[in-house]
Amino acid sequence: MNQDDLAGRIVQHLNARLDDIPAPVVYRLQAARHEALGRARAAQAGRGSLLGWLRYWVLAHGSAARVGVPAVFLAAAAAGLLYWQVASHQEGIDVDTALLADELPIHAYTDPGFDAWLQHSSYEQQ
Amino acid sequence: MAPAFVVRAAVTTCFALLGACSDALAQSAPRWTELSIEQRQILAPLENEWDSLDAERRERWLGLAARYADLPPERQQRVQQRMRQWTSLSHEEREQARERYRKLRELTPEQRDALRGRWEEYQQLSEEERREFRDRRRNRGSAEPKN
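Protein chains in written order, with my numbering: chain A, 1 to 126; chain B, 127 to 273.
Please note that a few of the clues may not be correct.
Short, incomplete list of chain A residues facing chain B, as computed with Cβ under 8 Å [claimed, not checked]:
(1) Leu18
(2) Asp20
(3) Leu59
(4) Gly62
(5) Leu100
(6) Glu103
(7) Leu104
(8) Tyr109
(9) Thr110
(10) Phe114
(11) His120
Looking from chain A toward chain B, a few residues come up when the C-beta cut is under 7 Å (computed) [stated by the list, open to error]:
(12) Leu29
(13) Gln30
(14) Ile93
(15) Val95
(16) Asp96
(17) Leu99
(18) Ala101
(19) Ala108
(20) Pro112
(21) Ala116
(22) Trp117
Simulated from the structure, these hints should not be mistaken for laboratory data. Computed from a predicted model, the values in this text were never measured in an experiment. All residues carry an ideal CB built from backbone N, CA and C; glycine is no exception.
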């Protein structure tokens, strides 16, 4: 007996027993089919948007998504952290340069008394 | 298992990247004799202490030297005059100065002119009066007048 014959006999057997399936089982099979079709339609409809496409892709590539999405987010976070470090470092050098070149002496920025006096004299003028 | 492996690999990569950055920073902190002639001319006031500065501070000075040529002559002169004073400050004092500068740089040119005038006025106070204001700020964090 080849595979086609075997498959044919199984289908024939299953079809012959269709009428014997209990009503609750038929109901559950129908409900499962409706649910599966609904999900497929929703995924298909959502593919128009980026988020929908992403959702469809994640559903279609479950294991790859579980690995790839966290990896992409981690890589993006690492790149962001590196960019922030470099940018803040450059900003610090800009501030040092401007501060040393400023018309006000360095003491004006380090003397806490100057700040206190500014507030004091502003208060007196009010 | 696979996601855990990827997370471990990503974390390891991040640490490797940070390590590479530190190494790059250490290597970008040359000794005085390794500086270019132009860098040595700009940073001349720091010659005696250059090799004792840590890598991070040397790297900052090199960044400043790279910006130096874009400054007008009078500002270049100020930078060179203040280099030694700046290195003599503690880390906390430098951070405080940077923080105050960031706040004051938002002022308009007119306000900055006025601030320079106020600094001159403050310099006219006696040392004792200035010390009193310093103490007020250190003790109370604000300068509410007594009278």
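Cross-check of the supplied hints:
| no. | hint | in the structure |
| --- | --- | --- |
| 1 | Leu18 | violated, 42 Å |
| 2 | Asp20 | violated, 44 Å |
| 3 | Leu59 | violated, 17 Å |
| 4 | Gly62 | violated, 12 Å |
| 5 | Leu100 | holds, 5 Å |
| 6 | Glu103 | holds, 6 Å |
| 7 | Leu104 | holds, 6 Å |
| 8 | Tyr109 | holds, 4 Å |
| 9 | Thr110 | holds, 5 Å |
| 10 | Phe114 | holds, 5 Å |
| 11 | His120 | holds, 5 Å |
| 12 | Leu29 | violated, 34 Å |
| 13 | Gln30 | violated, 37 Å |
| 14 | Ile93 | holds, 4 Å |
| 15 | Val95 | holds, 5 Å |
| 16 | Asp96 | holds, 6 Å |
| 17 | Leu99 | holds, 5 Å |
| 18 | Ala101 | holds, 4 Å |
| 19 | Ala108 | holds, 5 Å |
| 20 | Pro112 | holds, 4 Å |
| 21 | Ala116 | holds, 3 Å |
| 22 | Trp117 | holds, 5 Å |
Hint check: violations occur at hints 1, 2, 3, 4, 12, 13; the rest are consistent with the structure.
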